[in-house]
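Asker: Using the sequences plus the hints, can you model the full thing?
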Amino acid sequence: MNLLDFLIALPAIGFILALLVPRKQEKTAPFVALVVSLFTFVLSLGIAAGYKTGEKGLQFVSNGVWIQNPEIHWHVGIDGISIWLILLSTFLTPIAILLSWSAVKDRAREFYAFLLLLEFGLIGVFAAWDLFLFYVFWEVVLVPMYFLIGIWGHERRIYAAVKFFLYTMAGSVLMLAAIIFLYNRAGTFDYAVILDSLSSGKIVFSHLEETLLFLAFFFAFAIKVPLFPLHTWLPDAHVEAPTAGSVMLASVMLKMGTYGLMRFCVPLFPTASRENAPWIVTLAIIGIIYGALVTMVQPNMKKLVAYSSVSHLGFVVLGIFSFTQMGFDGAVYQMLNHGISTGALFLLVGFMYERRHSLAISDYGGVATVAPWLSSMFLVTTLASIGLPTLNNFIGEFLILQGAAQAKFTWTVFAALGVILSACYMLWMYQRVFFGETNEELKHHMPDLNPREWACVIPLVLMMVWMGVYTQTFLPNISESTAKILDQSRANVPLRVALPAAGTDGGRHAR
Amino acid sequence: MQNLWIIPALPFLGFLINGIFGRTLSKALVSAIAVASVVLSFGWVLKVFFTAGDLGANPISEHYFTWIRSGVFEVGWDFAVDKLTMIMLMIVTGIGSLIHIYATGYMAHEGGYYRFFAYLNLFMFFMLMLVLAANYLLLFVGWEGVGLCSYLLIGFYFLKKSATTAGNKAFIVNRVGDFGFSLAMFLIAVNFGSLSFDKVLQAAPGKPAGTLTTIALLLLVGACGKSAQIPLYVWLPDAMEGPTPVSALIHAATMVTAGVYMCTRSAPIFTHAPIAMETVAVIGLATAVFAATIGLTQYDIKKVFAYSTVSQLGYMFLGVGVGAFSAGIWHLMTHAFFKALLFLGAGSVIHACHGEQDMRHMGGLKKYAPHTCWTLAVASLAISGFPLTSGFFSKDAILGAAYTHAPWMFWVGVVTAGMTAFYVWRAFWMTFWGEYKGHGHPHESPMSMLGPLMVLAVLSAVGGWLFNVPKILENMFPVQEVEGEMTLTMISVAFGLGGIALSYYMYVVNRELPAKITSSLGWLYTLVYNKYFVDEVYDATIVSPTVTGSRVFLWQAADQGVIDGLVNGVGREARGIGGWLRRLQSGNIRSYATWVVVGAVGLLILMSLAYGMQGGGAR
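From first to last, the protein sequence lines are chains H and A.
Using this note's numbering, the letters of the first sequence correspond one by one to residues 1 to 511.
Using this note's numbering, the letters of the second sequence correspond one by one to residues 1 to 619.
Hints are computed from structural coordinates only; laboratory data are not their basis.
If you're wondering where the values come from, they're calculated on a predicted model, not measured in any experiment.
Where hints are given, some of them may not hold.
[Claimed, not checked] DSBU-like, lysine-lysine: derived pairs with alpha carbons at most 35 Å apart: (1) K56(H) with K199(A); (2) K408(H) with K199(A); (3) K27(A) with K443(H); (4) K199(A) with K443(H).
[Claimed, not checked] Listing some non-contacts, in silico: residues in chain A with all C-beta distances to chain H over 10 Å: (5) K47; (6) V289; (7) V508.
[Claimed, not checked] Ranges between beta-carbon positions, derived for each pair: (8) E278(A) with E209(H): 56 to 64 Å; (9) I286(H) with A52(A): 50 to 58 Å; (10) R69(A) with K56(H): 17 to 25 Å; (11) G46(H) with T541(A): 53 to 61 Å.
Note that the Cβ used here is the ideal one computed from N, Cα and C, for glycine as well.
Answerer: Spelled out as structure tokens, the structure:
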């Protein structure tokens, strides 16, 4: 059992521990959860520190037979992409626990247990290197989120939870079918083995097979992203979810979709990925602009942030399907960025909800006067979200748009419109919520951040600056792994399919 | 190593201290920190200037660390200083210091004192980043950063809706410009493989004209946003909602000239794209005339100067467009002197009149505020191109170059110069001559405000020949001889003096005349007075349709109607769901179901763990 196994196990143990807390001492449940999640975070930092840049292949690999027949492996490991997504999960879970401290009183132990179960699933998803194992973790994630929304959500929580569940299940079923098909063909669920057989020509798909398999995976991931027009579960799920749920959902769970696209769709089905790129990119760009326009007219803060995610995640999909080094790097970077900045937005909106018990923008106004620090932190987060240089999102957007420009300049022209619109909707909301005269209701119910809330916000804001100013902490690992995927996306392409124009792979780049 | 990073780091430090601890510090300490950080930064610029040797032959460049590296693409945190940058550094930190000092007096009785200075220092930081940057991306950092500070400072009085709306407008209109700028950057990176000025500008002459023209035009879009040119100038007049020192520093002397600087910096791209150059010149000239006509009719003293700024920036673009880059920068510098002075003077006037900005409620102030009066007179002379004042030299250089390029441009420019002289002096007479028509007792401003005014007055008077920019920049931009220069100069001076004389006649001698003229002009006057209704047109054609369309068609019809309708329809079709829903809602069964799932998942986890450990050990 290596460190990574232990890292995956730790939140699961925490899950059980939290459930074992007697109902009468339920108040200790958050402490248990917080301690476990902090341990998990420290451990993940240790793994990150032990991760060696420049070493090819997976690291911290653990591989053994889990189930004999059919043979399913417990095969986990990390590369330069998954390490950061795992860190994102372990970084945000303690924050999600801490921010719920005063908001969740009802059935606290289950609530915190579910948060840890969620973390367990998320780490597993990003570490799994066996398709079946991946599927199991994928489904494990679904369960706690379903209950977080369904039990601790707002008025229409059941509708939102069921919608969320059905949407995701619809995709998962297709993915499962595709996984089983792959198993039948390759005789194994082990992802590394399947990739090897593909590149050595042991398995060959017909064009139709590859397209269908690609679509099955793609559909599951696209729902999770969510890619336009599969996004309508997202606003409902977010609005109804408790704050911690929204934070985890937006920050990490959506990344399961984009991670899957990059990890599985592109290397497994390079031909189909490239062939289908034009319409996928088109949907991504529609998502960017459409998402931003719909965001602009939302009267509800949480819904506004939720729709903005549709727009932001469109950038990530664009980056992936530009098939350029910069596009890939930008996509991964943007997954992390979105996790940090949108997570922070949901968190701050959650703090305001706790005070005023409303999410309607029109119930606010003049918050800056009564809660100046809350407003400042919200402003920094807003600026990060709209891509101000020196803050994190800018780097991701820049790399993605630059990558897209290498592939096809018109893509960039349209996608960059989203950058204008993001300023419109965020600043407009900021004005209506924070500026102007303070209304009477707020004057007495809007205290500034308390120490616990500061503890949630500060790490996020520091990350925004760090990721915006000094990318060398993160990018080298990412680049290394994305370069490999980019290679796979070329290496596995059978000769009969012509690669897209030379510019696509950055070939036009003068050195 | 000149440690150029210290120049922006000092104001940034000031921002951090005042931003974080400002609320608990005394006003004196806040202003000491804010002013000192900028003055020290100015000191460091001087130190670099005196120790660096010949910047023309040996520009300084410093690399700190890699910012972004992806594949073969790399951008660093790199600063560089050549003569052009040095001029900008001097202007920014020099004028910046004066305005910081002035602001300690002007803002003395305002709330949010520390916040104001924190933002102002942050602005200095970003502006210095902008001019020190050695590559386009880092320039863009400063570019967006100054936009942010502009947003924050325009909306400084955030209780006022008009102020925060103006802030949003400034940011968003600038974003439209930045859209062009960023597209230009993407094209540069694709075609040149780099964003550093060194590499790009050296390689520019070898690239196809079509590519260069596209890049240059996109850069121009960016410049139009930041430097308030047609069609993106609309944010600048509204930006006057900010405190007056902000108008002087950001919206007159420094930030708004960033577009001119950027185009000049990109000169090798522009000079190889003749169509783009012509476009720059035409847009500059059109903006100069257009804004000047609006300036003729305004009554708010700050609005007059705001339109004047738009108009003068147009001159600078005219200079750039006709290839007289150094003349453009010269005018940028002299404009920084006299326009900062005009705004600071206006601030002093507003201060004297207890916050009044409408010139119809002023008058006779020369008696109450004599120092403000004479310093403003110097500035007004300079902007009118009065012989030997600073504005005279730079405007003359631009108009001369325009004449060589195309005589009609000269004539349009000269007429605009006449209008400029007229409206600036109109403002002067309305404010200082006649009798006081406002409320309360007007008073002169304190020394902290008058000091900077006097320094700027000296610079406005002699700064033109003291700092002969075209001569300094000769190795970068060769100066062309202008034929018949003397005659051209005489003509433009004549127009300037004519403008002054006419305004004297209309606003001092025959004060009934303006009302008669305006009423006889009828709809034409209404049109100009209302700024040609451009804001209203933009609102009706772009803003409202976008918002309403998004709400009604995209959100309500498409998203909630079609897509969600479809999803819910599918949901309803699946019969079981309804029953399932109902069961979930009935208390006991819900928790029962919960535990079933939790149990199943728990089992799964235990299994996976057990096998996982076994598997891990087996390896």
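Asker: Would you mind marking each hint as holding or not holding in the structure?
Answerer: Do the hints match the structure? See the list:
1. K56(H) with K199(A): Holds, at roughly 33 Å.
2. K408(H) with K199(A): Within the cut-off at roughly 24 Å; holds.
3. K27(A) with K443(H): Distance of about 26 Å is within 35 Å: holds.
4. K199(A) with K443(H): 56 Å, violated
5. K47: Its Cβ never comes within 10 Å of chain H, the nearest being 26 Å, so this holds.
6. V289: Label holds. Min Cβ-Cβ 29 Å, cutoff 10 Å.
7. V508: 43 Å, holds
8. E278(A) with E209(H): 56 to 64 Å: Check passed, 58 Å falls within 56 to 64 Å.
9. I286(H) with A52(A): 50 to 58 Å: 52 Å, holds
10. R69(A) with K56(H): 17 to 25 Å: 19 Å, holds
11. G46(H) with T541(A): 53 to 61 Å: 58 Å, holds
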